[in-house]
Amino acid sequence: MATARSRGARIRSNVFAYANLAPYVFFVLFPFYFMVVTSFKSNAELYNLKSIPFWIQSGVIMDHYALLFQKTDFVTWMKNSLLVAVVATTVSVVISILAGYSLARLRFRGAAAFGTAIFVTYLIPTTLLFLPLSQVVVWLGLADSIYALMVIYPTFLVPFCTWLLMGYFRTIPREVEECALVDGATRMQTLSKIVLPMAIPGVICAVLFSFTLCWNEFTYALTFISQSANKTAVVGVTSDLIRGDIYFWGSLMAGALLASIPIVIVYVLFLDYYVSGLTAGAVKG
Amino acid sequence: MAVEPRVLEAAGLRRSGRQSRLREWWEQEHVFGYGLIVPAIVLLVTLVAFPFGMAIYFSLSDYWVGSPGAFVGLRNYRDILSNETFRQTVQNSFVFTGIALSLKVVLGVWLAMLLSRNLPFKRVIRGIVLLPFVIPTALSTLAWLWMFDSLYSVVNWTAIRMHLISAPGPNWLGQSTYAMTAVIAVNVWRGLPFFAITVLAGLMAVPKEFHEAAEVDGASSWGRFWHVTLPLIKPVLGVVILFSTIFTFGDFNIVQVLTRGGPINTTHLFATLAYQVGLQGGNLGQGAAISLFIFPLLAMVVFFQLRYVRKE
Chain A
33 MATARSRGAR
43 IRSNVFAYAN
53 LAPYVFFVLF
63 PFYFMVVTSF
73 KSNAELYNLK
83 SIPFWIQSGV
93 IMDHYALLFQ
103 KTDFVTWMKN
113 SLLVAVVATT
123 VSVVISILAG
133 YSLARLRFRG
143 AAAFGTAIFV
153 TYLIPTTLLF
163 LPLSQVVVWL
173 GLADSIYALM
183 VIYPTFLVPF
193 CTWLLMGYFR
203 TIPREVEECA
213 LVDGATRMQT
223 LSKIVLPMAI
233 PGVICAVLFS
243 FTLCWNEFTY
253 ALTFISQSAN
263 KTAVVGVTSD
273 LIRGDIYFWG
283 SLMAGALLAS
293 IPIVIVYVLF
303 LDYYVSGLTA
313 GAVKG
Chain B
3 MAVEPRVLEA
13 AGLRRSGRQS
23 RLREWWEQEH
33 VFGYGLIVPA
43 IVLLVTLVAF
53 PFGMAIYFSL
63 SDYWVGSPGA
73 FVGLRNYRDI
83 LSNETFRQTV
93 QNSFVFTGIA
103 LSLKVVLGVW
113 LAMLLSRNLP
123 FKRVIRGIVL
133 LPFVIPTALS
143 TLAWLWMFDS
153 LYSVVNWTAI
163 RMHLISAPGP
173 NWLGQSTYAM
183 TAVIAVNVWR
193 GLPFFAITVL
203 AGLMAVPKEF
213 HEAAEVDGAS
223 SWGRFWHVTL
233 PLIKPVLGVV
243 ILFSTIFTFG
253 DFNIVQVLTR
263 GGPINTTHLF
273 ATLAYQVGLQ
283 GGNLGQGAAI
293 SLFIFPLLAM
303 VVFFQLRYVR
313 KE
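Protein sequences appear in the order of chains A and B. Just add 32 to wherever you are in the first sequence, counting from 1, and you've got the numbering used here. Just add 2 to wherever you are in the second sequence, counting from 1, and you've got the numbering used here.
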């Protein structure tokens, strides 16, 4: 009797939770759904005030995608984004592994101060520094090139990844390292052969976040680059498909969708790492 | 001739001696420790600390794109403080941050409470909830730009069909109050997942016994939330609020894509105004001075973070 009642109560409370979550899930997903619908809809229907905006009545068309691939540098933008994300992520994660291990594990004077300094730079929003950095990029001879982004992105990736990895390195028992050192391993060997393999979940997390942050970055990519062929996907789609007052809505949505897909794939495959990285970044702070 | 091997040996010995001394030096904990952070420190000094100094110098000079200017003291600050657009921007920034942040806190905690239940399809729902945070903001904002279109807005279309508003409906991005509402809505849409998921992690860390004890004591569900749950998630909530304050205040993407600060500067934030003045207008000195107004808030956040949050 009692179990039946508590089961009934649980079902009721679940229904209540779903009823509350449903509007929010709709709010979250609708913009994406609307992107898909718009990208496959003919202009005649898009710009007909009498048609229903929620679905496609006059047939699915690929014209907006065709325009994206034939009349813009979309493929180049995607390549640029990938290249920048891979290089900046690799560089940043390597630098962060070294720094994170050092700050989490080794005892030397000033370690705590360096840790704090890295944490503070992690809090600096990109919008505070984009003006001087746009000049630094010119001085480095990297104006209007994707190399500028490869050099600058580590400035916000390294603090984040270092902070994240410090948390992971701290969870590894000290005895493991001490054993390796006693057995005659050098410190570098201890790090690369003993500690690092144990921190692989942290490294995956750092790689995922770095890649996502690079791919999504907008402020620097917009300010450093003006030539279409050097743009990243995010900037290319937002700037080159709006000509004056003319918005190519179908192609804009097609581009936004395609440029989001790599991130969605990575996200779906590694959802749990995202959640743990997100909470580690903030909670361990 | 007989000397040769001995010489080689001696040389070899000496080399390996130097090598082993070098190795011994490198194996010391503090030397190795400093060695590993050198790359990170070099990067952050040259590309964060130095540019920050440059920003301060720019703000004190009449530096234009392509022409390094002279030191002018506080003139840029005096100019922008007496500028109507800048004053509007200050007001916008506080309204935007205040409202968006409050909504994110309240809705985020509420959402986290719902997600913390042991629901079927829990993982799928959490995955969906986090989606706006992961997708490139500039691109998802494009979808909102289209949804708020002056002529073909799907928001208005729906509201008109449901008889919530009368025919043409508001011009979302063309009227100041509506534009601010739109910008805040998109910011909440994109920032809420971060609150929900982090608070959720905080909630999961609260032992179930606390709730059960409160239930036995006969506390109402609101009382339980207010007296038991909230105090326990306070530390996590504090960190998330501090983080979000600085990133909401320094936001660029959403406003730049949605309104570019318009109509008539009513949605400009420091970052978008700095972009317009400093890069599009070429006045780097004034642009830098504008973007540095983000700094006092940043300093406050850092202070609280270091003083109160990291302590426990």
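Check each hint, because a few of them may be wrong.
Reference listing, derived: stretches of chain A covered by chain B, where coverage requires no fewer than 3 residues with Cβ under 8 Å from a Cβ of chain B [claimed, not checked]:
{"#": "1", "segment": "245–254"}
{"#": "2", "segment": "292–303"}
Simulated DEER-style distance windows between Cβ atoms [unchecked claim]:
{"#": "3", "chain 1": "B", "residue 1": "M164", "chain 2": "A", "residue 2": "R275", "range": "57 to 65 Å"}
{"#": "4", "chain 1": "B", "residue 1": "K124", "chain 2": "A", "residue 2": "Q89", "range": "35 to 43 Å"}
{"#": "5", "chain 1": "A", "residue 1": "V300", "chain 2": "B", "residue 2": "G264", "range": "54 to 62 Å"}
{"#": "6", "chain 1": "A", "residue 1": "G91", "chain 2": "B", "residue 2": "S69", "range": "51 to 59 Å"}
{"#": "7", "chain 1": "A", "residue 1": "Y279", "chain 2": "B", "residue 2": "V47", "range": "22 to 30 Å"}
{"#": "8", "chain 1": "A", "residue 1": "Y50", "chain 2": "B", "residue 2": "S104", "range": "37 to 45 Å"}
{"#": "9", "chain 1": "B", "residue 1": "R309", "chain 2": "A", "residue 2": "A41", "range": "21 to 29 Å"}
{"#": "10", "chain 1": "A", "residue 1": "F59", "chain 2": "B", "residue 2": "Q93", "range": "25 to 33 Å"}
{"#": "11", "chain 1": "B", "residue 1": "P237", "chain 2": "A", "residue 2": "G216", "range": "37 to 45 Å"}
So these bits of chain A aren't anywhere near chain B, every CB distance computed over 10 Å [what the hints assert, rightly or not]:
{"#": "12", "residue": "Q102"}
{"#": "13", "residue": "F162"}
{"#": "14", "residue": "T203"}
{"#": "15", "residue": "E207"}
{"#": "16", "residue": "D215"}
I should point out that these hints are in silico values taken from the structure, not numbers from a laboratory. Here the structure is a predicted model, which is why all the values come from computation and not from measurement. Beta carbons: idealized from backbone N, C-alpha and C, even for Gly.
Here is what the structure says about each hint:
1. 245–254: Result for this restraint: holds, n = 5.
2. 292–303: It holds: at least three residues are needed, and the segment 292–303 of chain A offers 6 whose Cβ sits within less than 8 Å of chain B.
3. M164/B with R275/A: 57 to 65 Å: violated, 35 Å
4. K124/B with Q89/A: 35 to 43 Å: The hinted range 35 to 43 Å holds for K124/B and Q89/A, with Cβ atoms some 37 Å apart.
5. V300/A with G264/B: 54 to 62 Å: 37 Å Cβ-Cβ, so the 54 to 62 Å window is violated.
6. G91/A with S69/B: 51 to 59 Å: Given a distance of about 56 Å, which is inside 51 to 59 Å, the answer is holds.
7. Y279/A with V47/B: 22 to 30 Å: violated, 43 Å
8. Y50/A with S104/B: 37 to 45 Å: violated, 26 Å
9. R309/B with A41/A: 21 to 29 Å: Given about 45 Å between the Cβ atoms, the range is violated.
10. F59/A with Q93/B: 25 to 33 Å: holds, 28 Å
11. P237/B with G216/A: 37 to 45 Å: holds, 43 Å
12. Q102: Non-interface label stands for Q102/A: nearest chain B Cβ at 20 Å, farther than 10 Å.
13. F162: Given a closest Cβ separation of 7 Å, the condition is violated.
14. T203: holds, 16 Å
15. E207: The claim holds: E207/A sits with its nearest Cβ about 16 Å from chain B, beyond 10 Å.
16. D215: holds, 14 Å
Hints 3, 5, 7, 8, 9, 13, counting from the list given before, are not met by this structure.
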